[in-house]
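S.K.: Sequence:
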Amino acid sequence: MLVPILYSKIHRATVTAASLHYHGSITIDRRLMDLAGLLPHQQVQVYNITNGHRFETYVIEGERGSGCVQINGAAAHLAGEGDLVIVAAYVSMAPADAVAWQPRLVFVDDANRPIDPLPRVLEDEAEAEC
14 MLVPILYSKI
24 HRATVTAASL
34 HYHGSITIDR
44 RLMDLAGLLP
54 HQQVQVYNIT
64 NGHRFETYVI
74 EGERGSGCVQ
84 INGAAAHLAG
94 EGDLVIVAAY
104 VSMAPADAVA
114 WQPRLVFVDD
124 ANRPIDPLPR
134 VLEDEAEAEC
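Take the sequence shown: its letters are residues 14 to 143, numbered as in my numbering.
Simulated from the structure, these hints should not be mistaken for laboratory data. Treat the hints loosely; a few may be bogus.
[Said to hold, decoys possible] Beta-carbon label-pair distances, calculated as ranges:
hint, residue 1, residue 2, range
1, H66, P17, 19 to 27 Å
2, A30, G50, 22 to 30 Å
3, Q55, D122, 37 to 45 Å
4, H36, M14, 33 to 41 Å
We put the CB at the ideal spot given by N, CA and C, even for glycine.
Generate the whole structure from the sequences, applying the supplied hints.
M.R.: So, in structure tokens, the structure goes:
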């Protein structure tokens with residue numbers, strides 16, 4: 014049995030553009046892709062912090078260092094320029110492997126520049142009140 018586990022995420026990226034009439038996808042700065050371990054055409058989920066919409070698409074490589082996070086195609090109805098989003102990728106693995114797995118986390122500033130030079134792994138999540 015395999016279970017889906019968070020592979021990596023780019024946290025609180027700012028959408029730099031939305032192009033409704035482009036083929037569906039999300040264009041991401043190549044530097045951010047590398048830090049998150051994302052590949053061109055890889056499936057990702059996008060969570061819009063600004064309006065709550067969620068959608069699934071695939072990655073297109075953007076210019077390295079550009080800060081580009083562009084929503085393309087029909088998904089442009091769900092996220093627009095200036096919205097804050099989380100881009101998440103998942104991997105399927107055996108539960109025994111998942112126990113020790115640490116996803117790659119890329120935190121960015123408001124210009125989509127990495128806050129830390131290297132991706133972080135998920136340590137203890139902030140304590141949430143249940």
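S.K.: Honestly, which of those hints from before does the structure not fit?
M.R.: 3
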